[in-house]
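Starting from the structure of chain A, add chain B where the hints point.
Protein chains: 2
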Amino acid sequence: MPRLVMKFGGTSVANLDRIRRVGKRVGVEVAKGYEVIVVVSAMSGKTNELVGWVGDAGGALYDAREYDAVVSSGENVTAGLLAMVLQSNGIDARSWQGWQVPVQTTSAHSSARIEDIPTDNFDAKFAAGMKVAVVAGFQGVSPEGRITTLGRGGSDTTAVAFAAAFGAERCDIYTDVDGVYTTDPRVSSKARKLDRIAFEEMLELASLGAKVLQTRSVELAMRYKVKLRVLSSFEEQSDNAGTLVCDEEDIMESNVVAGVAFVRDEAKMTLISVADRPGVSAAIFGPLAEAGVNVDMIVQNIAEDGRTDMTFSLPVDQVERAEKAVRDAMAREEINFHDLIADKDVSKVSVVGIGMRSHAGVAAQMFAALSAEGINIKVITTSEIKISVLIDRKYMELAVQALHDVFELEKG
Amino acid sequence: MPRLVMKFGGTSVANLDRIRRVGKRVGVEVAKGYEVIVVVSAMSGKTNELVGWVGDAGGALYDAREYDAVVSSGENVTAGLLAMVLQSNGIDARSWQGWQVPVQTTSAHSSARIEDIPTDNFDAKFAAGMKVAVVAGFQGVSPEGRITTLGRGGSDTTAVAFAAAFGAERCDIYTDVDGVYTTDPRVSSKARKLDRIAFEEMLELASLGAKVLQTRSVELAMRYKVKLRVLSSFEEQSDNAGTLVCDEEDIMESNVVAGVAFVRDEAKMTLISVADRPGVSAAIFGPLAEAGVNVDMIVQNIAEDGRTDMTFSLPVDQVERAEKAVRDAMAREEINFHDLIADKDVSKVSVVGIGMRSHAGVAAQMFAALSAEGINIKVITTSEIKISVLIDRKYMELAVQALHDVFELEKG
Numbered sequence: 001m002p003r004l005v006m007k008f009g010g011t012s013v014a015n016l017d018r019i020r021r022v023g024k025r026v027g028v029e030v031a032k033g034y035e036v037i038v039v040v041s042a043m044s045g046k047t048n049e050l051v052g053w054v055g056d057a058g059g060a061l062y063d064a065r066e067y068d069a070v071v072s073s074g075e076n077v078t079a080g081l082l083a084m085v086l087q088s089n090g091i092d093a094r095s096w097q098g099w100q101v102p103v104q105t106t107s108a109h110s111s112a113r114i115e116d117i118p119t120d121n122f123d124a125k126f127a128a129g130m131k132v133a134v135v136a137g138f139q140g141v142s143p144e145g146r147i148t149t150l151g152r153g154g155s156d157t158t159a160v161a162f163a164a165a166f167g168a169e170r171c172d173i174y175t176d177v178d179g180v181y182t183t184d185p186r187v188s189s190k191a192r193k194l195d196r197i198a199f200e201e202m203l204e205l206a207s208l209g210a211k212v213l214q215t216r217s218v219e220l221a222m223r224y225k226v227k228l229r230v231l232s233s234f235e236e237q238s239d240n241a242g243t244l245v246c247d248e249e250d251i252m253e254s255n256v257v258a259g260v261a262f263v264r265d266e267a268k269m270t271l272i273s274v275a276d277r278p279g280v281s282a283a284i285f286g287p288l289a290e291a292g293v294n295v296d297m298i299v300q301n302i303a304e305d306g307r308t309d310m311t312f313s314l315p316v317d318q319v320e321r322a323e324k325a326v327r328d329a330m331a332r333e334e335i336n337f338h339d340l341i342a343d344k345d346v347s348k349v350s351v352v353g354i355g356m357r358s359h360a361g362v363a364a365q366m367f368a369a370l371s372a373e374g375i376n377i378k379v380i381t382t383s384e385i386k387i388s389v390l391i392d393r394k395y396m397e398l399a400v401q402a403l404h405d406v407f408e409l410e411k412g
Numbered sequence: 001m002p003r004l005v006m007k008f009g010g011t012s013v014a015n016l017d018r019i020r021r022v023g024k025r026v027g028v029e030v031a032k033g034y035e036v037i038v039v040v041s042a043m044s045g046k047t048n049e050l051v052g053w054v055g056d057a058g059g060a061l062y063d064a065r066e067y068d069a070v071v072s073s074g075e076n077v078t079a080g081l082l083a084m085v086l087q088s089n090g091i092d093a094r095s096w097q098g099w100q101v102p103v104q105t106t107s108a109h110s111s112a113r114i115e116d117i118p119t120d121n122f123d124a125k126f127a128a129g130m131k132v133a134v135v136a137g138f139q140g141v142s143p144e145g146r147i148t149t150l151g152r153g154g155s156d157t158t159a160v161a162f163a164a165a166f167g168a169e170r171c172d173i174y175t176d177v178d179g180v181y182t183t184d185p186r187v188s189s190k191a192r193k194l195d196r197i198a199f200e201e202m203l204e205l206a207s208l209g210a211k212v213l214q215t216r217s218v219e220l221a222m223r224y225k226v227k228l229r230v231l232s233s234f235e236e237q238s239d240n241a242g243t244l245v246c247d248e249e250d251i252m253e254s255n256v257v258a259g260v261a262f263v264r265d266e267a268k269m270t271l272i273s274v275a276d277r278p279g280v281s282a283a284i285f286g287p288l289a290e291a292g293v294n295v296d297m298i299v300q301n302i303a304e305d306g307r308t309d310m311t312f313s314l315p316v317d318q319v320e321r322a323e324k325a326v327r328d329a330m331a332r333e334e335i336n337f338h339d340l341i342a343d344k345d346v347s348k349v350s351v352v353g354i355g356m357r358s359h360a361g362v363a364a365q366m367f368a369a370l371s372a373e374g375i376n377i378k379v380i381t382t383s384e385i386k387i388s389v390l391i392d393r394k395y396m397e398l399a400v401q402a403l404h405d406v407f408e409l410e411k412g
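These protein sequences, in sequence, are chains A and B.
Residue numbers for the first sequence follow full-length UniProt numbering, so the first one is 1 and each next one is one higher.
Residue numbers for the second sequence follow full-length UniProt numbering, so the first one is 1 and each next one is one higher.
Okay, chain A solo, but in the shape it has when bound:
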């Protein structure tokens, strides 16, 4: 029988009424003849409650193994409840906790990676008549037999990993939005839902702040060619609802640009007139990484008289930490510099699309559109399928709307 993986996030299982709706939705797929693996998150709010407690209990130097043992319990609750709901609908179902499958992971607690998912156990149960395996997402078990978790959003990754392991026809990610949009509808009223998007594009969008899917789950889906579908758990669904995240080849025609993404609260730091000698980059960015600063864009100006300006972007709430790390590093390494300045009022806006590979002039078109609106570009970085710029935060919405227009994203 064909197999399907369905994943339901926290808001989709927030209470028993919603879990019953999930049960109905799963029943529809069972009726179509699928053997279904359902991956569930904790009821919304529950994980935060648990995280709050472990924060209080453990202090700064908490034991990540205990953290995982506590925080994973929310998913176990949902899995059991959904199995009961399915059973009361007459569907042969049972719940599985990570260690029962077992979902074998590394020992990197709180950010473990799935190493293996043995299939014999489920295969035997499906052969014996089980219709639905309900799996507690986000968790696994380490080689030492301790409970691990996969990090925030890890249930997406669990779902994709099961889809890969069991050769599922598709992995449906049910969430509180009805698909992936060309941009955030709250910023542009012209935002359009995409029917299909390539893995590579989704990866860029996910890492750029479109919070629909966890980045790692998309990477995994791309590697194992798992067809991912993002759709709403709050609407009646047809067979081609939502957005299909798939291989480039499966997308017949596409716009050059698939979407416009943004990160509102960024900051820009510039180290002015620093000695330009070998090792200076390492001397700056090594300590920043150690201080836990998530440096994103990095630009270095052409050196003049053996000195250069070094600019990088980072989340705005990490500026103080970054400033201290850089000044300490410069003093320790005896590297001379003129000034360190921070601009806390910038946003990042990006256009993403696999079409860029074959279409020249996308960057020029982007810069012209921003210029036409009088928006000054502060930093630019590009990849094969993405162009990102830093601009003043007050222009962010305007920039998104202008780019959405110029690349005609409202048209399918």
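For the record, the hints were derived by calculation from the structure and aren't laboratory data.
No experiment lies behind these values; they were computed from the predicted model shown.
Everything hinted at is true.
Identical copies go unnamed one by one, so any copy, or any two together, can satisfy a pair.
Think about it this way: if two alpha-carbon atoms lie no more than 25 angstroms apart in a straight line, the pair counts; the simulated SDA-like pairs of lysine to any residue are:
| # | residue 1 | residue 2 |
| --- | --- | --- |
| 1 | K46 | T11 |
| 2 | K24 | A64 |
| 3 | K125 | P102 |
| 4 | K125 | A64 |
Frame of chain A, contents of chain B only:
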């Protein structure tokens, strides 16, 4: 090193402040040189929340395996949190869920019995420097690898089972009362805390409604000679605080009667003038058991003219169910009877004491005391160390006080 088992119930771990107090208390025992196994319940309220959800999810014919998977999660949370608190106090501790030990149980979900607790794992960890193993109470794992629970109050049983398996010097049950009393202090102001009580007495008191310890945990402690101590988690403790539940031989001197117990909301049913022929008792009490009625006392009058009256007591909220079961059974078996009457306004009062074995006249003394207060006795049953009577509910407090006085329980 000597070993100690400490068990903390739901109110003792109701929030993080209380869990920190528990951490301090455990630290005191570690400082004395004990290797400690701590058994914890779910934070108070949590198990009820989970039970409510599974009730909603599963309906009447719920799957007890899923019930157990859900309901056991509360203990896992407490175990992890306490381990973190202990670690932040500099104590080498870790948490263990039932399946990790593993606490091997029968497959009787929701009322499983512990079959075995392998000790190698803990022994190795203790030898390697671990000071405290925090165990999630109330749960285990079945031969099929499913999570089981031991029934309400099961954490007491977990604690005693660990104490037996590891040859612990003592099993301290921390609760919200400071020990076992001669009777409920809310009913008699003269109630006195007992320093020691025999297992047999505790068993009778536990099953008679003194809710300090789960009956099964006392049975287990008696069988494996585990010294049980009941004490308060809300008071500073000395070495001989609380009440020690121990072997008869360990109690030097004791009163003839150890305590007066009661069950307030009982009912009495009488089947009047039923045909007295072989099998009639089975015809009545079989169907009652099947209907889930907890019949307690049973009295049959002397038969006259081949007919007899049959009286039994039961919890007051099971009267309707019992009435239907009895009438159906009588009709099905074609057993003739005159009437079936129920008295819903009775209470059970009992005196318990191992001293009764060697002291005659306790029953006479009890009946005289009740008679002196004008209290009519409706049903009497006796065991080797217990005498129970059913009386009108309105006299319950009076009866308890009178019996407490006549057996001089206020004196040590």
